[in-house]
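Enquirer: Here the protein sequences come in this chain order: H and L. Going letter by letter, the first sequence gives residues 1 to 115 in my numbering. Going letter by letter, the second sequence gives residues 1001 to 1109 in my numbering.
One or more hints might be untrue.
Claimed, not checked - Heads up, incomplete: computed chain H residues facing chain L, CB under 10 Å, no partners named:
1. Val4
2. Ala92
3. Gln104
4. Pro108
Since the hints were derived computationally from the structure, they do not count as laboratory data. Predicted model only: the values in this text are computed from it and were never measured. Each residue gets a CB set at the ideal place from its N, CA and C atoms; glycine is no exception.
Below, each chain spelled out in residue letters.
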Amino acid sequence: EAGVTQSPTHLIKTRGQQVTLRCSSQSGHNTVSWYQQALGLGLQFLLWYDEGEERNRGNFPPRFSGRQFPNYSSELNVNALELEDSALYLCASSLVLADNYNEQFFGPGTRLTVL
Amino acid sequence: GQNIDQPTEMTATEGAIVQINCTYQTSGFNGLFWYQQHAGEAPTFLSYNVLDGLEEKGRFSSFLSRSKGYSYLLLKELQMKDSASYLCAVVRGYQKVTFGTGTKLQVIP
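Here chain L stands alone, though its shape is the one from the complex (with noise of 0.2 Å):
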């Protein structure tokens, strides 16, 4: 089976960064997904993972450990419009999608 953790909630003030963990146990891992989900919204594709190291994509950042089973997602100079979930999924055997229950980040002026 699988296990996936990430905090409920977080709040960070505009500008700032922020970091949000993602702690999992699966067997077959096969990639780590970040997704964004503005309430009401569908979710919206962020970043891959599949290697242990650092993914950059402008403001958002991700990290993987696969030995640790610990993935964060980092976003920099923090938009209000940021506001949303952050999902992490992860990938297990062939295509074997498992989501996290998300982190609701409230971006605040």
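The following block holds chain H by itself, in its conformation from the complex (with noise of 0.2 Å):
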């Protein structure tokens, strides 16, 4: 079965910029998170989705938003973009029942780098 992907890959953009990326979460998951990794700094994480919505949100200002598909694929949109936005976006996916609670599997990333 397909595991975790993400897209694109890598990705310049200059500051004042909007930015999407796409995680398409791996099969039988419900649930997506996002984590920015800045360089020498440990994962942050930003929001996390289940069946459609957002039920946690990290410390990351309102222009940091996205949503969560039917088909729990999911997108991360930043707007007004800041210098320090540049890092490595991670999503994960993971099949969450009630209150039991299952590893995350990550996506490769996608490398932000903001000019």
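With the hints as a guide, bring both chains together as one complex.
Expert: Below is the structure:
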């Protein structure tokens, strides 16, 4: 079965622009999380979607937003890009039923560079 | 809020055993993950602890003490390919996952 995929692999934008990153979750998974990993820093939790609803949000400004589609794929949108948004953006999917937490499977990431 | 602490870097010898510690302070603790991340790659799942005690999986074991806010990852019979960053991640409440900054392990011959 196909794993988690992300597109594009790399992206270069300029300050003030908007970007959309895409993630296809692993088959059978119903949740998607997004993380930002800036150079030399740990993974920072951005957003979590479950059955199309945003359930949790990390400490990021509203210009970071996203959505999950009926097929459980997801998009991350970042408006008004700033230089410090340059990072690796990872999405991860998992199957969550009630309170049963399962491991997350990560995609390869999108490397965003803001100039 | 939550605070997760891991050593920044460790070095160990091929064939040896290494223990990577993780301490955390959080409310609503709901489990702890360990992930391995090779440079330039996505993290991959290693273990999940929700109850106190030791979970063994081949060369890798993970321990959790909820009362102490402490976990460790034990790697035995180290191989060169184990050189990677090891991320401790705490689940708080419902699905809110917080990652530590990771421990970069270098395995030397």
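Enquirer: Each of the hints needs a verdict: does it hold here or not?
Expert: Hint check:
Interface restraint check for valine 4(H): the shortest CB-CB distance to chain L comes to about 8 Å, inside 10 Å, so the restraint holds. Because the smallest distance between the Cβ of alanine 92(H) and any Cβ of chain L comes to about 8 Å, under 10 Å, the interface hint for this residue holds. Among the interface hints, the one on glutamine 104(H) holds; its C-beta lies about 7 Å from the nearest C-beta in chain L, closer than the 10 Å criterion. Look at proline 108(H): its Cβ gets to within about 5 Å of chain L, closer than 10 Å, so that hint holds up.
Taken one by one, the earlier hints all hold for this structure without exception.
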